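Asks: As a plain string of letters, each chain reads:
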Amino acid sequence: MSEVRRPSAGTKAVLGFPLAMLGIFFLAPFGIMLATSFYHRIEGGFYEPAFELASWERLLQPVFIERTLFSIGICLLAGAVCIVVAFPFTFFLTRMRRRPHVTLLVLIMSALALSEVIVGFAWSVLLGRAAGISNILVWLGAMDEAAAYQPSFVAVLLGLCYIAFPYCILTLYPQLSRLDPELTEAAQTMGASPWRTFWTVVVPIGRPIIVAGFLLAFVFTLGSYLIPTFLGRPEHWTLSVFISDQATFNANVPFAAAMALFLTGLSLLVVGAVTLVESRTRR
Amino acid sequence: MQARGGLRLEGLVKRFGDVLAVDGVHLELPPGQLISFLGPSGCGKTTMLRMIAGLERPTEGRVYLDGDDVTDRPPHLRDIGMVFQTLALFPHLSVAGNIGYGMRIRGVPKNETDGRVTELLDLVSLHGLGDRRISQLSGGQRQRVATARALALEPRLFLLDEPLSALDANLREQLQVELRLLQQKLGITTIMVTHDQREAMTMSDMVVVMNQGRVEQVGEPLEVYRRPDTPFVASFIGRTNILRGEVSDGVVRIAGRPFEVDRPLEPGPVAISVRPEDAHLQTTSTPETNALPGRVVFVRDLGELFECYVDCGVGEHVVVAGSPRERVSVVQGQPVSVSFPREACVVVEG
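Line by line, the protein sequences are chains A and B.
Going by this note's numbering, 208 is the number at position 208 of the first sequence; the sequence numbering is gapless.
In this note's numbering, each residue's number is its place in the second sequence (first place is 1) plus 283.
For the record, the hints were derived by calculation from the structure and aren't laboratory data.
Model, not experiment: these values are computed from the prediction.
Among the clues, some could well be false.
[Stated by the list, open to error] Residues from chain A shown here face chain B by an in silico Cβ test under 8 angstroms; the list is partial:
#: 1; residue: L179
#: 2; residue: E182
#: 3; residue: Q188
#: 4; residue: T189
[Said to hold, decoys possible] Pairwise CB distance ranges, derived in the manner of DEER restraints:
#: 5; chain 1: A; residue 1: S8; chain 2: B; residue 2: N453; range: 43 to 51 angstroms
#: 6; chain 1: A; residue 1: P100; chain 2: B; residue 2: F581; range: 50 to 58 angstroms
#: 7; chain 1: B; residue 1: F581; chain 2: A; residue 2: A9; range: 35 to 43 angstroms
#: 8; chain 1: B; residue 1: R298; chain 2: A; residue 2: S8; range: 54 to 62 angstroms
#: 9; chain 1: B; residue 1: S606; chain 2: A; residue 2: R196; range: 26 to 34 angstroms
#: 10; chain 1: B; residue 1: R340; chain 2: A; residue 2: P100; range: 14 to 22 angstroms
#: 11; chain 1: B; residue 1: R356; chain 2: A; residue 2: E278; range: 51 to 59 angstroms
Where is the CB? At the ideal position from N, CA and C, for every residue including glycine.
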C-alpha cells in the first residue's frame with residue numbers, strides 16, 4: 001500500500017537550500033539577538049557578553065508598557081481600517097469588467113514599489129500646511145486658511161493604513177476572485193438585496209481571509225517605524241520607533257534586542273489569540 | 284390553486300459586445316407547465332433564463348410576468364426560485380440554513396421557518412438531514428437541497444439552469460422523473476434549460492428549441508419530434524435522415540426518384556426528414572415512389588435495436604432502424620432499397 005518514499009538526493013538539495021538560508025539569515029541572527037538581550041551594556045556605545053536581566057527589567061517601566069499597549073492598539077486599529085476598506089473594495093474589484101479591473105489592480109500593486117520613506121514624506125507634505133491638501137480646500141473656498149494635519153494620531157494611522165492596504169488586497173484577491181458568482185446570484189433570487197447578499201453570503205464565506213488579511217496588516221504595521229516618526233509626535237511613536245532609537249541613537253543594543261524580541265512575542269500572541277477565536281467561533 | 288406564473292417575452296435581444304446571444308425572441312408561456320429551453324451550447328438559452336430571472340438586463344425587449352412588466356425589476360423583487368448549474372449552495376450554512384435562507388431574509392419567524400424547512404426536507408426525501416453540512420452530501424442530495432431551497436418561498440416561477448448536468452447518467456434519469464413529479468404535484472410554472480433532448484422529452488409539457496439566439500420551434504415534445512419545422516430541429520431532437528431534392532411540376536424528386544409528401548409544395552429545393560425508425564429496408568426490387576436503391580455499408584445489431592447504414596447516393600448514409608423483430612438479414616455490400624412511407628416524410632425546408 002502507500003509507503004512514504006525516501007526523498008531523493010535532488011529533493012534534499014532543493015529543500016536543503018532554503019532551509020540553509022533560513023538558518024543562516026533568520027535563525028542565527030535571531031539567536032544572536034536573544035543572546036544580546038542578556039548582555040551587559042557599557043555606557044558610551046558597547047556591550048559585553050554577560051547574563052543579566054537589566055534590559056528585560058527595563059521593559060516593565062510604565063512608559064514602555066504604555067508604549068506597548070499604544071503600539072498594539074494603533075496597529076490593531078490600522079488592521080481593522082484596512083480590512084474594512086479592502087474587503088468590499090477587493091470584492092467589487094473582482095466583479096468589475098476585465099480592463100478596469102486589471103488597471104486598478106496594477107495601480108494598487110505599484111504602490112508597493114514605493115519605499116516607506118517616500119510614503120512617509122509624501123503624506124507629511126500632503127497633510128502639511130505649506131503645500132498640503134488644505135490649500136486646495138482654501139482655494140475652493142471651503143476653508144479660510146491652510147491647516148496642518150500632521151503630526152497627529154490620525155496622520156500616523158493614515159500612513160500605516162496606506163502601507164498595509166496593498167498587502168491586504170493581495171491576501172484577499174485570490175480567494176474573492178474565485179468566489180462563484182452564482183452564490184451571490186442565488187441569494188438574490190431568494191429575495192436578498194445586493195447589500196444583504198454581501199452581508200449574508202460574501203462576508204461569512206470570506207471570514208477566514210478577512211481574519212488573515214487583518215492579521216497581516218496588523219503584523220506589518222507593527223514593524224513600521226518611519227511612518228510614526230514622520231507623521232506623529234513622540235506620543236504617537238510605536239515600539240518600533242523606540243527600538244530603532246535605542247539601537248542607533250542611544251547605542252543600547254541589549255535593550256533594543258530585548259524590545260524587539262518582546263514585540264515579536266507579543267505579535268505572535270495576538271496572532272495566536274485572534275486565530276483561536278476565529279476557529280472557535282466558526283460553525 | 285390559482286394558475287400563476289404566466290410569462291410573456293416580447294422581442295428579447297441580448298448583446299454581449301459584438302456577440303448577439305439572443306436575437307429577438309417572442310414567446311408566450313402558459314402558467315403551471317414545465318417548459319424546456321433546448322439547444323446546443325451557446326444558443327442563448329441560459330441567457331434567456333437569466334433575463335427572465337433578472338440576472339441579465341435585456342438589450343432590447345420586455346419581460347412580462349402575469350401581465351406585469353418586470354424588465355426593470357431586480358432579481359430579489361421578482362418572486363422566483365432558481366436552481367443553478369453549479370447549484371450554488373452556501374458552504375457556510377447547513378442544509379437547513381440553506382433551505383431557510385430566503386425565509387430568514389424575508390424575516391419569517393424562526394419557528395415558522397423551521398416548520399417549513401422540515402416540510403421541504405420531506406418533500407425532497409432528505410428527512411432528518413437538516414443539520415448536515417453541504418460538504419457531507421452526495422451529488423444527488425445536493426441537487427435536492429438546491430431544489431428545496433429554490434421552492435422554499437413558493438415562487439411564481441421555478442427556473443432550472445441545466446440542473447442535473449453535474450450528475451452521472453443513472454442518477455440523472457432518476458432525478459428527471461423525481462423533479463417532474465414534484466413539479467406536477469406543486470403545479471408550479473417551471474422553465475428548464477437543457478442541452479439534453481432526452482431530458483427535455485422526459486420532463487416537459489412544452490419544448491422551445493433554440494439555435495443561434497433564435498427560437499426554431501415551440502411545441503409539445505412529441506409534436507416537435509414528429510413534425511420538426513426545420514432541418515436543425517429534426518437533427519437536434521433525435522436522429523434523422525435529411526433527404527434533399529427538387530420540386531418541379533408539383534412532384535418531389537430526390538436522386539431523380541419521385542416522392543409523395545404530406546403537403547403540396549412550391550417549385551424549388553426541398554428537404555425532407557425521415558426518422559430512422561420510420562424508414563424500411565427491402566431486399567426486393569425498389570418501389571416506384573418514396574424509395575431509394577442503395578448498398579448496405581454497415582450493420583449495427585445491438586440486440587434491443589437493429590440499425591443499418593445504407594449508401595443511397597444522397598450525401599450522408601441513410602440510417603434505417605428497427606426492433607429486432609423487424610430485422611432483415613442483410614450483409615455488408617448487399618444491394619437493397621429503402622422505402623420512406625408518405626406519412627413519415629416531413630418537409631423541413633421548401
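Asks: For every hint, state whether the structure bears it out.
Replies: How the hints compare with the structure:
Interface hint status for L179 (chain A): violated, as the beta-carbon distance to the closest one in chain B is roughly 10 angstroms, over 8 angstroms. The interface hint given for E182 (chain A) holds, since its Cβ lies 4 angstroms from the closest Cβ of chain B, which is under the 8 angstroms cut-off. Nearest Cβ of chain B to the Cβ of Q188 (chain A): about 4 angstroms, under the 8 angstroms cut. The hint holds. At a threshold of 8 angstroms, the smallest CB-CB gap from T189 (chain A) to chain B is about 4 angstroms, leaving the interface hint in force.
For S8 (chain A) and N453 (chain B), the hinted distance range of 43 to 51 angstroms is satisfied, since their beta carbons lie about 44 angstroms from each other. At roughly 57 angstroms, the beta-carbon separation of P100 (chain A) and F581 (chain B) lies within the given 50 to 58 angstroms, and the hint holds. The beta-carbon spacing between F581 (chain B) and A9 (chain A), approximately 58 angstroms, falls outside the hinted interval of 35 to 43 angstroms. Between R298 (chain B) and S8 (chain A) the CB atoms are about 57 angstroms apart, so this pair conforms to the stated range of 54 to 62 angstroms.
Take S606 (chain B) and R196 (chain A): their Cβ atoms lie about 58 angstroms apart, and the range 26 to 34 angstroms is violated. Between R340 (chain B) and P100 (chain A) the C-beta distance comes to about 19 angstroms, which sits within the given range of 14 to 22 angstroms. With their beta carbons about 39 angstroms apart, R356 (chain B) and E278 (chain A) fall outside the hinted range of 51 to 59 angstroms.
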